[in-house]
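Produce the entire structure from the sequences given, and follow the hints as far as they go.
2 protein chains.
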Amino acid sequence: MASSSIFNPPSSTTALLLRTRRPIHVGPTSLRFSTIHSAPPSSRLVSIAASATEASVAKVIDGKLVAKQIRDEIAAEVSRMREAVGVIPGLAVILVGDRKDSATYVRNKKKACESVGINSLEVNLPADSTEEEVLNYISGYNDDPSVHGILVQLPLPSHMDEQNVLNAVGIEKDVDGFHPLNIGRLAMRGREPLFVPCTPKGCIELLHRYGISIKGKRAVVIGRSNIVGMPAALLLQREDATVSVVHSRTSNPEEITRQADIIIAAVGQPNMVRGSWIKPGAVIIDVGINPVDDPSSSRGYRLVGDVCYEEAIKVASAITPVPGGVGPMTIAMLLQNTLSSAKRINSFQ
Amino acid sequence: MASSSIFNPPSSTTALLLRTRRPIHVGPTSLRFSTIHSAPPSSRLVSIAASATEASVAKVIDGKLVAKQIRDEIAAEVSRMREAVGVIPGLAVILVGDRKDSATYVRNKKKACESVGINSLEVNLPADSTEEEVLNYISGYNDDPSVHGILVQLPLPSHMDEQNVLNAVGIEKDVDGFHPLNIGRLAMRGREPLFVPCTPKGCIELLHRYGISIKGKRAVVIGRSNIVGMPAALLLQREDATVSVVHSRTSNPEEITRQADIIIAAVGQPNMVRGSWIKPGAVIIDVGINPVDDPSSSRGYRLVGDVCYEEAIKVASAITPVPGGVGPMTIAMLLQNTLSSAKRINSFQ
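The listed protein sequences correspond, in order, to chains A and B.
With our numbering, the residue at position 307 of the first sequence is 307, and numbering never jumps.
With our numbering, the residue at position 299 of the second sequence is 648, and numbering never jumps.
Quick caveat, the hints were computed from the structure, so don't treat them as lab data.
Keep in mind that the hints are not guaranteed to be accurate.
Claimed, not checked - Reference listing, derived: stretches of chain A covered by chain B, where coverage requires no fewer than 3 residues with Cβ under 8 angstroms from a Cβ of chain B: (1) 174-181; (2) 187-195; (3) 225-235; (4) 242-256.
No residue lacks a Cβ here, since even glycine has one placed at the ideal position from N, Cα and C.
The structure is reproduced here in structure tokens:
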């Protein structure tokens, strides 16, 4: 694991105390992973010293690898559908203005589409376009049978009403899953959203692919944004977790996160979640991607998550790295939503 | 207080120990109420005995009284609107079949409408009506400018698709607030639902009217139904509470409820929440209305909440009784939603 170089190897004195956890804190989640990083039986000594070093190392949840697997699966499905019914899924992306970061995101999405055989259509409008021009493009894509997903790259220029623009995307092609009707269905038991927002969907998919059970677990979501925190909480609740949402108005977030078997952090605060916030054996999904100054990097900065990785990896049983954790999953889920949309529109199973 | 006869008065020996709470558990919420039920200064002795009887008595949140106030306010607004623009709010209720309980609910709603000057239209269809017939009525009311709210009394006969029927109610007249578009907007920051479901809205209104602050508080909702628990959790979160939702898959609900400053119980389990589940000083909103056998009652049963009232009243700082707590608020909120709808449709402030 690339990440293992980040923390110091235990000294020979503490080695015998490795893998020791206070039983009261050990939930089923950590047990699940005990086979992965537990020491050989001979060294599994239970310490009676109160100061036992808790130096177990979390499994790294490899989002890049999982995203690659999912993209391979999507590519296979895309070609199966093309051969069976002659339909190629199409994703239309609308980019307004010339923000560099947005242009990069759009380029990445386009490349990802190409890599799995999904058609990508792109329109790049100048920053001073009118809202009406954007709405016209959306309307055209809504009616275009070769388009199965429509994505408006955010943020829009400030003179446009984001709500208005997003609401114009037909619910059948809302692959971002941001339409309130989709969110409402996500919240309601017995209803099914047409699309689930990509980033929180990617978080849950990582848990599934790593065999981490959610049902009956205590889950804490940090952050309540419309695009990550809130839908992540709804998704976890749909999977029968007991969910708490911690946010900027929570006075004692660490007391609550310390009770969690699963933490999804999505606040955009570099290294906010410290090791002491985490129950030993918890699973950590870190959605944050925060640039912090780093003169030693050629770019002058590096990306860190909302979770202090170096500390968390010593306490958690599994953790996503930043980058290479949730990030690659978001695009994979966008491709999956586009594929599902094309299948649904064409009644292809 | 009518409820004070339910529990035994303290003996003279324990009276001196009254109102004593362990400070570590006393949150701002309980402080807020300390002026309401604290004993006169002379008897405010702080016990040093470890076995101090915690026999403080919660304030009873009088839903009947608050609902009456709200109905008076609505009646005044209805007549102001009638005089200013000649519009009378109208509520259409569709009842299918001859369930006695449903008929009672509909009759109560009709009476409540009359009491505030709202027009009530009612259609009572036989149990073997087709779904299409119900949909036709809904469609008619959707188009009828004298109708500002449409309510389909649930449950519907089993041969009908409840989702289909509810979805047919125009979003502008969905005074029940059950449309997924309304729920989605309720979940999303920066969006406003047209209507908030009546029962959870009534819970929050009780907190507001009793001056109980929600922002930054730990709130636990027990139950995650589409009509109460889930929207109650979303509402509490909109008011900046830190919300946890406990449900049938939660293995240790009492550990979580014991952390709550505010508990909303909505599971339909008589007396499920015991005194030991409650943090001293917490505020309890009990949505449950459960009939339990009672041979001493002329009806053979009595109604109890999801919370064991006799125990809770000794621990909480405020609590809603059953009946007379949340129940009367539900209809008051339905009238309020109907009035708001009529105001919105007629652009009347």
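Against the structure, the hints:
1. 174-181: holds (count 3)
2. 187-195: holds (count 5)
3. 225-235: holds (count 4)
4. 242-256: It holds, with 10 qualifying residues against the three required.
The structure fails none of the hints (numbered hints given earlier).
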